[in-house]
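> Numbered as in UniProt numbering, the sequence shown ends at 86 without a single skipped number.
Just so you know, the hints here were simulated from the structure itself, not pulled from any lab data.
Beta carbons: idealized from backbone N, C-alpha and C, even for Gly.
It is possible that some hints are incorrect.
[What the hints assert, rightly or not] Derived DSS-like pairs (lysine-lysine); straight-line CA-CA distance at most 30 angstroms:
1) Lys5 - Lys45
2) Lys35 - Lys5
3) Lys12 - Lys23
4) Lys28 - Lys81
5) Lys61 - Lys35
6) Lys12 - Lys81
7) Lys66 - Lys81
8) Lys35 - Lys12
9) Lys35 - Lys17
10) Lys28 - Lys5
11) Lys5 - Lys23
12) Lys12 - Lys45
13) Lys20 - Lys66
14) Lys23 - Lys61
15) Lys45 - Lys28
[Unchecked claim] Using C-beta positions, here's what the derived DEER-type ranges look like:
16) Trp43 - Asp71: 32 to 42 angstroms
17) Gln57 - Ile86: 18 to 28 angstroms
18) Glu85 - Phe14: 29 to 39 angstroms
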Amino acid sequence: KSLFKERENEAKDFIFKDEKDLKTELEKLFEFALKERNESFIWDKIYSSNHDEIFPQNALKNTFSKLIFLDEPHFAFFHFKTWDEI
1 KSLFKERENE AKDFIFKDEK DLKTELEKLF EFALKERNES FIWDKIYSSN HDEIFPQNAL
61 KNTFSKLIFL DEPHFAFFHF KTWDEI
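Throw the hints in and build the complete structure from the sequences for me.
Laid out in structure tokens, this is it:
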């Protein structure tokens, strides 16, 4: 629930996977990233949630030079209405 905080009502249908499934999902994403290397792929937006209790902003500030701060909890996707906005 701390992922959503004040947005908890909007997340009522969110499905929480168990830890094993989440680990598998991250492993598959990592494998995809290694296999499908695209040198022209550029991260042009890095978002940080002002109320994130999982990724400290200082750690992100030390890693990325251009951050976009959102007034959201860790799960910031409710800030956007479409994938194109991201």
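> Each of the hints needs a verdict: does it hold here or not?
Against the structure, the hints come out as follows:
For a cut-off of 30 angstroms, the pair hint linking lysine 5 to lysine 45 stands: about 24 angstroms separates their Cα positions. Between lysine 35 and lysine 5, the direct Cα distance comes to roughly 36 angstroms. Violation of the 30 angstroms bound is thereby established for this hinted pair. Note on lysine 12 and lysine 23: the hinted pairing holds, with a Cα-Cα distance of about 23 angstroms set against a maximum of 30 angstroms. Our distance criterion of 30 angstroms between C-alpha atoms is met by lysine 28 and lysine 81, whose separation comes to about 27 angstroms.
At most 30 angstroms may separate the alpha-carbon atoms for a hinted pair to count; lysine 61 and lysine 35 meet this at roughly 28 angstroms. This hinted pair checks out: lysine 12 and lysine 81 have alpha carbons roughly 17 angstroms apart, not beyond 30 angstroms. Simply put, lysine 66 and lysine 81 have alpha-carbon atoms about 22 angstroms apart, close enough for the 30 angstroms limit, and the pair holds. Taking the CA atoms of lysine 35 and lysine 12, the gap is about 35 angstroms. The hint is violated against a cut of 30 angstroms.
Distance restraint check for lysine 35 and lysine 17: the Cα-Cα separation of roughly 25 angstroms lies within the 30 angstroms cut-off, and the hinted pair is therefore satisfied. For the proposed pair lysine 28 and lysine 5, the alpha carbon gap of about 28 angstroms is at most 30 angstroms, so the pair holds. Proximity of lysine 5 to lysine 23 is assessed by CA-CA distance (about 23 angstroms); at most 30 angstroms being required, the pair is judged to hold. A distance of roughly 28 angstroms separates the Cα atoms of lysine 12 and lysine 45; the hinted pair therefore holds under the 30 angstroms criterion.
Annotation: proposed proximity of lysine 20 to lysine 66 is violated, straight-line Cα distance about 33 angstroms (limit 30 angstroms). As the CA atoms of lysine 23 and lysine 61 are separated by approximately 26 angstroms, the hinted pair is consistent with the 30 angstroms bound. Note on lysine 45 and lysine 28: the hinted pairing holds, with a Cα-Cα distance of about 23 angstroms set against a maximum of 30 angstroms. Here the CB-CB span from tryptophan 43 to aspartate 71 is close to 22 angstroms, at odds with the stated 32 to 42 angstroms.
Against the hinted window of 18 to 28 angstroms, the Cβ-Cβ separation of glutamine 57 and isoleucine 86 comes to about 19 angstroms, which satisfies the hint. Hint check: glutamate 85 to phenylalanine 14, Cβ distance near 19 angstroms, so the stated range 29 to 39 angstroms is violated.
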